[in-house]
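**Q** Residue strings, one per chain:
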Amino acid sequence: MLETLFQQQTQNLTILVVEDTQSERFFIVGLLTSMGLNVICCDSAEQAIEQYPKQAIDIVISDWRMPGLTGPELCLHLKNLTSPPYIILLTANNLAEHIVTGIESGADDFIAKPFIPSVLKVRILAAARIVNLQSRLSDKNLKLNDALNKEHAYLEQVKDDLKSAAQLQGSHLPSSGQLVNRWSLATRFKPAQELAGDIFQYINIDQENIGFYLLDVTGHGIAASMQSFTLAQQLSCSSCHWESLDPALIVNQLNRDFEDPENTGRFATLILGIANTLTGEVKLTLAGHPQPILLDKHGASLMTLDAGLPLGIDSQYRYKNNAFSLKSHQQLMLYSDGLYECRHPKFGEFSLERLVNTCDQAHQLTPEALLHHLCHSMELWQQKKPQDDISMMIISAPELTILSSLSSSCDDADELSFNSLKNELVQSDLEAAEVDILDNHELSVALENSIRVSYEITANKEDVDITPQKTLNINDASQGIYE
Amino acid sequence: MKFSQLALSNACLVTLPKEMMITQTPTLRAAITHQIETGCNKLVLDLHQVEYIDSSGLSVLVSALKLTQKKAGEIILLSPSAGVRALIELTRLHHVFAIYEDKDAAIAHICEQ
Chain A
1 MLETLFQQQT
11 QNLTILVVED
21 TQSERFFIVG
31 LLTSMGLNVI
41 CCDSAEQAIE
51 QYPKQAIDIV
61 ISDWRMPGLT
71 GPELCLHLKN
81 LTSPPYIILL
91 TANNLAEHIV
101 TGIESGADDF
111 IAKPFIPSVL
121 KVRILAAARI
131 VNLQSRLSDK
141 NLKLNDALNK
151 EHAYLEQVKD
161 DLKSAAQLQG
171 SHLPSSGQLV
181 NRWSLATRFK
191 PAQELAGDIF
201 QYINIDQENI
211 GFYLLDVTGH
221 GIAASMQSFT
231 LAQQLSCSSC
241 HWESLDPALI
251 VNQLNRDFED
261 PENTGRFATL
271 ILGIANTLTG
281 EVKLTLAGHP
291 QPILLDKHGA
301 SLMTLDAGLP
311 LGIDSQYRYK
321 NNAFSLKSHQ
331 QLMLYSDGLY
341 ECRHPKFGEF
351 SLERLVNTCD
361 QAHQLTPEAL
371 LHHLCHSMEL
381 WQQKKPQDDI
391 SMMIISAPEL
401 TILSSLSSSC
411 DDADELSFNS
421 LKNELVQSDL
431 EAAEVDILDN
441 HELSVALENS
451 IRVSYEITAN
461 KEDVDITPQK
471 TLNINDASQG
481 IYE
Chain B
1 MKFSQLALSN
11 ACLVTLPKEM
21 MITQTPTLRA
31 AITHQIETGC
41 NKLVLDLHQV
51 EYIDSSGLSV
61 LVSALKLTQK
71 KAGEIILLSP
81 SAGVRALIEL
91 TRLHHVFAIY
101 EDKDAAIAHI
111 CEQ
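In the order they appear, the protein sequences are chains A and B. In terms of UniProt numbering, the first sequence is residues 1 to 483. In terms of UniProt numbering, the second sequence is residues 1 to 113.
Pulled out of the complex, with its shape left as it was, chain B reads as follows:
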């Protein structure tokens, strides 16, 4: 997982790893929660590397969403692979997440004041 600061001081691009399964989720959740708690309330979660995700992996996305909402921030999901998108759609979570395919557009959106 990688955090890259964006043009806006409270915005950040988070590149998520290949696997988001039950064994990795506590670490991932802690890192993202820390990022949000320390003031970064606008996140682009880049999913293009994610090949495997299970429901506990999805719960990391959900916890990030709820936390940023509490802090008047925003979350964007970027470029999920077909498999990951299928799971997001199967669980109907595409109704609550903004999903972008284009990285520049996602970054431009999150950096809007």
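If we strip away everything but chain A, and leave its shape as in the complex, we get:
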């Protein structure tokens, strides 16, 4: 029994015997050979050190006292190598201090001389068990490392794919610019991860009418963005009845086709509208989406439109249209919930109320500058750790001649000088910052700075859209103050 076990365990193992006394060396080598082991021998530690790297040696049996390097010194040397052997030291006595020195130098076992051959045999068996275990472990480690490297390469591949998908997604979104009949559009998009569940778009329906929508699929990441891509595809001009000029009809259709195959309860909120660019008449349908914000020369307010269920809750639901008119120079702001749901670790959610207040205080900014200001405020609020996708879209009506009689005579406001406006703005924002943000001095300074910078862009560039380069510099400057 022991014999078979011994042979199983020790096959393929090589033992190096280091012993300066020739008779002892012959004796041990003879014993080991008779046990069927592969044996090499050296007569000094120095020779062993030279021999060791040349062959695959699993176990070293070394005498303690030798001229030149001693057994423990040999131990120290071998145990410092990258693949050290199992070491058994032979000692002439069983003194406790010997054992301590031996273990400290890295020996794995001791045999006191003179020894009985059967004791040597079981000690070698014990050594073989450990050597074999180690080699199995290192094999497994090698395989694990191999697998890890493959996974790592795969992950890199996925990351690259995600990055290019995100670029594709970003490139499909409309950027700020002029629409038909001097209407204009300003947009911002900040995905929380590479891919977003938000998507927004505008469509030129005909010479007069523009369509627009902003939708937000629950969650973010790949599944959400695939869903929002699908919805956007269905809303793309060719496959959608924009020419009906009936938002509710379009939303009903979209809701009927909404799929949630995994039954994750995924749903989407949507705001979809059609505006007549000559008359300013707007028809809007809301599906579980936050109310749009109406901006004009007097301030900002949350609209109170009739809203239906989100898409994907009830396929038979019938959505309604809300009809109203955008007057000259009024602006409609659409946004996703990520904008006001973001949380500050101490002050909690940004909240819809604070969003409306922020817009109200900064309503004199150009749309582009306002979006810049909001983005910056959000970044500060989230402490630069994006929590959800943020998308915003401001649609601005120009001077509408047809409805000019309806628009109030508030052109006087243009006459206000820049300085008085600026003072008023900074003052009100300071107050707001104190009330809203309580004792967080850094945040209030940064917010104040942001609104002032945003305002200065407007003033200096006289309502011309800011260039990306400019945005970047100003961003850096205001962030610098915060940090």
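Among the hints, erroneous ones may be present.
Stated by the list, open to error - As a list, the in silico DSSO-like pairs of lysine-lysine whose alpha-carbon atoms are at most 30 angstroms apart:
#1 A/79 / A/113
#2 A/283 / A/190
#3 B/18 / A/346
#4 B/66 / B/2
#5 A/385 / B/18
#6 B/18 / A/384
No lab work stands behind these hints: they were computed from the structure. Predicted, not measured: the structure shown is a model, and the values here were computed from it.
Fit chain B to the supplied structure of chain A, relying on the hints for placement.
**A** Here is chain B on its own, set in the frame of chain A:
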């Protein structure tokens, strides 16, 4: 999250945790789905501890609603905090969920045969 069996064998009170955000939702959804799939088709979802919920948290409620409807069951939401209720109302989901403020009444309703 805690599941407590109610008097009716297929009814259960589910106490939802403080946060129902995107990082927790897969686990929450899996646990509730498992509960419904294993025969418990009448649930009271107790929201009184929930302080933070986002739209993916709401999707957990929606998936539970749809699944119980498929299994001829029922869902009741119990005691949402003002913030959670505001989000439910903003997304108009209060039109599809029964929302109770009183625990005993909610349990009595769900246990009606």
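**Q** Checking each numbered hint in turn, tell me which of them this model violates, lowest number first.
**A** none
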